[in-house]
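Peer 1: Residue-level listing of the chains:
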Amino acid sequence: MTTIAQTRVPRGRYGLPQAARMEWIKLRSLRSTWWTLALTAAGTVGIGLAVGLNSRDGSVDLTNNALGGVVPGLLLAGALGVLTMTSEYTSGTIRVTLAAIPRRPLVLAAKAAVFGAVTLVVGEVASFIAFFAYTATLGHGIAAPTLGQPGVLRAVVLTGAGFCLIGLFGLGLGAIIRHSAAAVAVLVAGVYVIAQVIGFVAHDAAAYMPILIVGNSLSTTRPVTCGTGGASCPHFLSAWAGLGVLGLYAVIALAAGGWLLARRDA
Amino acid sequence: MIEARGLTRRYGPTVAVDALSFDVRPGSVTGFLGPNGSGKSTTMRLILGLDRPDAGQVRVGGRRYRELRWPLREVGAMLEASGSKAFHPGRSARSHLAALAAGNAIPRARVDEVLDMTGLASVAGRRAGKFSLGMGQRLGVAAALLGDPAVLLLDEPVNGLDPEGVRWIRNLLKSLAAQGRTVFVSSHLISEMALTAERLVVIGRGRLLADTTVAGLAAGSASLEEAFLRLTGGAVEYRGNTAKEATT
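Chains as they are written, first to last, in the working numbering: chain A, 1 to 266; chain B, 1001 to 1248.
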């Protein structure tokens, strides 16, 4: 019997670096990834531009207006997060993935690291371009905000981070639910639709709705006021508290997803 | 070497795999035979740790799958490609293999090697969703060979292959076994196993019916098929009338 010509086996054991490299190749080798990310950025910048061209009131939080186009982009980032996980189940790739990396929480951790990094970069780029595009198109004698003014840089940077955190929340949801359509539906309902409903019926809870956190906490330079009839205005979280709550949502979804991934049949 | 001991798996009230014990040894092709729904795929999934057994255990090369240090370098698997595929339709064959290679620190050059071995080199950049069933099977084989593993598990590898492809798989499996590897191939095609395998593990309704050589099973019957049908006669869930007449 001839012996097997084994290629040289490296020492140690597979770990997060190998898993992350695998997930990075998987993410970048799908055209849909880049289309979705391009749309995410384009939507954010496009709406920011449109708002800038139509701004006539210089007394409002202009930075918040510049970042007012995040809603479609946030939903796309969340949906891409969902699909990053659920497409493994739809295509059957999950079995091959887990055969290569049998320690399952490592697979989700690697996906979170890679997808989180990509959406953070795309989110920041979109957020900064939206801000500069907005300030460049401001007319009607309104003085454009600059990054040096109080809270402006914070608002732009944290809004970019919002894309990453909603994307990771989507990834966790995908791991929990496993079916693309169902998970996207839960994402849109949880992040957006319920936020709108709660905004009407339970004002204080609205401050904790993901999309309102981005719109009214992360992307603001000063506390949100609700105009003259502001008595029923919810007490929106500060920018940093909003970031913390959004991060907590992502962590909870990923932890639950990882726990289920490790326990269920693949 | 694959060692299953008392392997049991239930899905609700159904016992898919029932106290299954067998060894698959290196150096020969071992066929894994059984009627449809007899538990072959479940057993394959239990070996790979994709499903968890309710009782018993299975070791590959002396370890449970989850304890392997570089799983793809030790076990190469191709799972039930006929039902749902095991690759994303939007990803090219090369990217699919490159991702798996990266997961177990397998050199990138090995990706092109297995693409050549499986005849996919010329279509490696194409989206795998455009592949025919046969090309998809070849991609599954390429993924199994990627880590140059000592143990190979293939679930119905000849499904969807044309006669040239069937012969290619047959010769490939034989040569892999001749190199001293453990080759475990499930099939419901007895005639194909008669040509490919030396040893057979036969199951029905999740239970072990025979663990023997091809010659040993065929002995005393007109053909291997005859012997198989007699052996599994009590373990078939659905049967047409003509098949019933043939076994009596």
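Hints are not guaranteed to be accurate.
Pairs of lysine to any residue, SDA-like flavour, derived with a Cα cap of 20 Å [as the list claims (entries may be wrong)]: (1) Lys-1130/B - Val-193/A; (2) Lys-1130/B - Val-125/A; (3) Lys-1130/B - Thr-33/A; (4) Lys-1130/B - Asp-204/A; (5) Lys-1130/B - Pro-150/A; (6) Lys-1130/B - Leu-30/A; (7) Lys-1130/B - Leu-106/A; (8) Lys-1174/B - Met-1001/B.
To be clear, the hints were calculated from the coordinates, so they are not data collected in a lab.
Peer 1: Does each hint hold? Answer for all of them.
Peer 2: Status of each hint after checking the structure:
Annotation: proposed proximity of Lys-1130/B to Val-193/A is violated, straight-line Cα distance about 37 Å (limit 20 Å). With a CA separation close to 35 Å, the supplied pair Lys-1130/B and Val-125/A exceeds the 20 Å bound. A hinted pair counts as satisfied when its Cα atoms are at most 20 Å apart, and Lys-1130/B with Thr-33/A qualifies at roughly 19 Å. Taken as a hint, the Lys-1130/B and Asp-204/A pair is broken in the structure, with Cα atoms around 52 Å apart against an allowance of 20 Å.
Proximity of Lys-1130/B to Pro-150/A is assessed by CA-CA distance (about 54 Å); at most 20 Å being required, the pair is judged violated. Of the pairs offered as hints, the one joining Lys-1130/B and Leu-30/A holds, with about 14 Å between alpha carbons and a cut-off of 20 Å not exceeded. Taking the CA atoms of Lys-1130/B and Leu-106/A, the gap is about 31 Å. The hint is violated against a cut of 20 Å. Of the pairs offered as hints, the one joining Lys-1174/B and Met-1001/B holds, with about 16 Å between alpha carbons and a cut-off of 20 Å not exceeded.
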